[in-house]
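Protein chains: 2
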Amino acid sequence: MKIRNIPGGVTAAAGFSAACCAAGIKYAGRTDMAMLFSDVPCQTAGTFTSNRFKAAPVLWDMEIVYGAKTAQAVVVNAGIANACTGEEGLSLCRATAECAGEALHIPASSVLLGSTGVIGPQLPLDKLSFGVRQMASSLSGSAEAGTAASRAIMTTDTVNKEAALAIDLPAEDGSTVTVHLGGMSKGSGMIHPNMCTMLAYLTTDIAIAQPLLQKALSEVVQDTFNMISVDGDTSTNDTLLILANGLAGNRPVLQEDDSYALFRDALFTLCRTLAVKMAGDGEGATHLIEMRVTHADTKENARVLARSVVSSSLVKAMIFGKDANCGRVLCALGYAGPAFDPAKVELTLNGADGDLCFYRNGNVLAFDEEKALRILSETEIRFTCDMGAGDAEATAWGCDLTYDYVKINGDYRS
Amino acid sequence: MKIRNIPGGVTAAAGFSAACCAAGIKYAGRTDMAMLFSDVPCQTAGTFTSNRFKAAPVLWDMEIVYGAKTAQAVVVNAGIANACTGEEGLSLCRATAECAGEALHIPASSVLLGSTGVIGPQLPLDKLSFGVRQMASSLSGSAEAGTAASRAIMTTDTVNKEAALAIDLPAEDGSTVTVHLGGMSKGSGMIHPNMCTMLAYLTTDIAIAQPLLQKALSEVVQDTFNMISVDGDTSTNDTLLILANGLAGNRPVLQEDDSYALFRDALFTLCRTLAVKMAGDGEGATHLIEMRVTHADTKENARVLARSVVSSSLVKAMIFGKDANCGRVLCALGYAGPAFDPAKVELTLNGADGDLCFYRNGNVLAFDEEKALRILSETEIRFTCDMGAGDAEATAWGCDLTYDYVKINGDYRS
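Note that the protein sequences, when read in sequence, are chains V and S.
Sequential numbering of the first sequence, starting at 47, is according to the working numbering.
Sequential numbering of the second sequence, starting at 47, is according to the working numbering.
Just chain V, with the same shape it has in the complex (with noise of 0.2 Å):
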C-alpha cells in the first residue's frame, strides 16, 4: 500500500506537538481549548468560507495565509464564534495571537486562529490568555494530546475527528523516509461548506512549496469538504488549514512530480476521511447518506447533482425513516440545476448484500419492499445515479434529519 493508515491525528507527523484546555469559555467540565505547535516554522495554506460575514478568526487567517503564508502555531476555542463581532472581535484576534506567540516565543504573526460556537457574543479575553499560557506550558507531541486536542474543539459533535496517513518518497540522498499526515476536524451544523468546511486542522512533516501546498489542498477540498453537507447552512466560521513542516527529511517536493501526486493522494485520502466523519456525525444523525453520481457530462455537474440528493430535507427525512421513497431521490436531482435527459438516469440503492435499482427507463420500478427496509437499516446508506450521459463521476455525503437535529438546533443557545 502506498498511503497507509496510521495511529493519531494532529501530532502523527514530526515536530507538532498539542495541548488543550478547560478555559470555561462556554461550557462547564470539558475542555473547550486546543493549541498545535510545530518545532519549527511551516508553509500554509488554507481555504475559507465563503459567507459574506467572515468571523473575525478567519479574517485574521486569511491575511498570514494569503500573505506570509507561514506560521507555527494554531489556537482554537469551542464555544463562542468570534463572528459578527466587529472591531472588537479582530482585537481580540490580535490579542490572543499576541498571548500566545510570548508564550511559545514566535511572532503573532505565526499564530493562526480558529472559533467555533454562537454567533454574536464576544470571547472573553481574560479566559482565552489563561488558556493559552496553560496550554503553551503543556505542548506534548503524543497521540493523546492530539486526541485531546480533537475533542477540545468539539461543539454538538458526539465523536471526535483525527486520523493519520503515512507515504514514503525519497530523500535527497536517494534513500527513502516516511512522510506523516495528520488531522482533526470537528462539525456538526452548519456544515453545507462552499469553500472548505467548519474546522479542519491538518499537518505534515513534508517538505513542500507553498504554491505546491495551496494548490494540492484546493483542489482535493473540492472532492472531498465541499461534497458534504449536514443542514445546507455555510459557516461564517468554515476553516481548512495545513501546516507542513518539512522535518521528515524528504526531498523538497518543488514541481508536480510523482512525490507531489503521492502526496495529493494521501492528502485527499486524510481530507476524505475526515469529510465522511464529519457527515456522519451531523447534529442528530443516525445515518450518513453516501451519494455518487456516474457518467455525467461533466465533473461540475456531478458534483453538485451529488450534493442536491444529501442536502434534500425530504431525502433525508426518509432515511430516518427507513421508507424507500427513492421519487425524492430522483426529485433532488431534477431540481439540482444540471440538465439532463430523465429517460437515460437509472439509480440504484446499495446494500451490504446487493443493489435495488429503482428507476430506469423512465420508470420507477416494482421492488421488494423488504430488501430495502433491509438496506436502509444499514448505517451507511449509498445510492448509485447513472446519468447516462458522460464520464465524469463525484461522491457527496451527507446524514439523516432527525428529532434531535430539530432538539439541538431549537435551543442551540442554551
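If you're looking for bench data, these hints aren't it; they were derived computationally from the structure.
All the pointers check out, no bait thrown in.
Just so you know, same-sequence chains aren't split out, so a pair can sit in one copy or run between any two.
The calculated BS3-like cross-link candidates involving lysine-lysine, where the alpha carbons are at most 27 Å apart (straight line), are:
1. Lys-261 - Lys-115
2. Lys-368 - Lys-453
3. Lys-390 - Lys-417
4. Lys-345 - Lys-390
5. Lys-417 - Lys-72
6. Lys-417 - Lys-453
7. Lys-261 - Lys-345
8. Lys-261 - Lys-48
9. Lys-72 - Lys-368
10. Lys-368 - Lys-417
11. Lys-72 - Lys-453
Given the coordinates of chain V, work out where chain S should sit on it, guided by the hints.
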C-alpha cells in the same frame, strides 16, 4: 378600496363551477379529486416546475398552456403524483382528459390536469374515470363547491387554502362592472418553488388578451409563490394555472393600461394571500416566518437574500425553539450569494408591540431577552434586514422546522 376581499375561492368568478369526489386513489374516507369547469372556453396561462423530472400532468398542461392557450376544465387528484411514470403516465393523462372531455362535452385538449402525492406509482385509471364522471354530473357554482374542491386536493396540508377578490373595471358601454378573481392552492411539503409552487388554480371572469394574462401571472409569481419555502425541495409537479373566461363583461383588456394595472395588482394580492397561507401551513409548522429585505442593490439580490433566510434549517429550527439566535439569520444572508457590506447591514425583529434591533454597524447588539421571547412566541415571526445599499426590496415567507416535519416525512408513504 380598489381591491376588495370577497368570500369564496375558485367559484367566485362568474361562470365557474366546481366539484369533488372520493375516488379512493390512495386515501380512505376523504375526497381526493377536484374538478373546475367554466361555462365557456377560457384564456389560459400558467407557470410550471423547473424540475428536470416533470410529472406527466405538468407535461400535459405545458402543451396546452404554451400551445392553444385555451382550456375549459381542470381535473386534479391527490395521493399519487403521476411523476417518474414514463409513457404509461402520459397515456393516463390522455385517457383522463378524454374521459373528462366526453363527460363535459368539450375537447380533451381543453382539459388541464394536476396530480399531487407520491412519486413513482401509476394512477388507477378506473378510479380516475369513475371520479371524473361523478364530478362532471355534480358541478356547482356555489361557494361551498369551491371550498370542497380546495379540500379535496390537500395532502399533508392541515387547512384548505382559498381566497377571492373583486375589482371594478370599465365595461364597453362606459359603465362599471365587477371583475372577480378566486383561487385555491395546496402545499405543504416539497415546497421551494423555482417557477411557481405546488398546485394552485386561479379563476377569473375578466376579459383579457392571453399574452397579458400570461405576463401578469409570470410577473406576480416572482414575488409571491416563488418567495416561499417549506423545505427547499422543488417538486416535480409544481403547477400554477389561471383561467379567464371573460364573463364579467368588462371592456377586454388588450394593452397595459389602467385596467391591466389594477388586474395585475389584484392578481398579486390573490397570489400573495395563497402563497403565505401555504408557507404558514408548511408540514409540521407552528410559525410563519416573514423575511423582508430592504435597501438591497438589486431586486433579484433582495429576493435571493430573503429566500436564503426562510430556507435555512438553522433559522427554521431556532424559530421553532423560540431562540433569539440572530447570528443564524446573518449567517444565512452571508452565504446567500449576493455581495454586500456586513458593516452596513441592520437586522430587526418586528414584534406586535415594537421592534428589536439585533445587529448594526458590524456588531451584534445586546437585547432584552424577555422581549425577544415574547415576540418569538407570536404565530407570525417577522424580520426586516436593511442592506444599506440601494432601493430594492423583497419579502419571502417560510415556516419553522419542527419534530412534526421530521415525523411526517420520515414516514410519508404509509
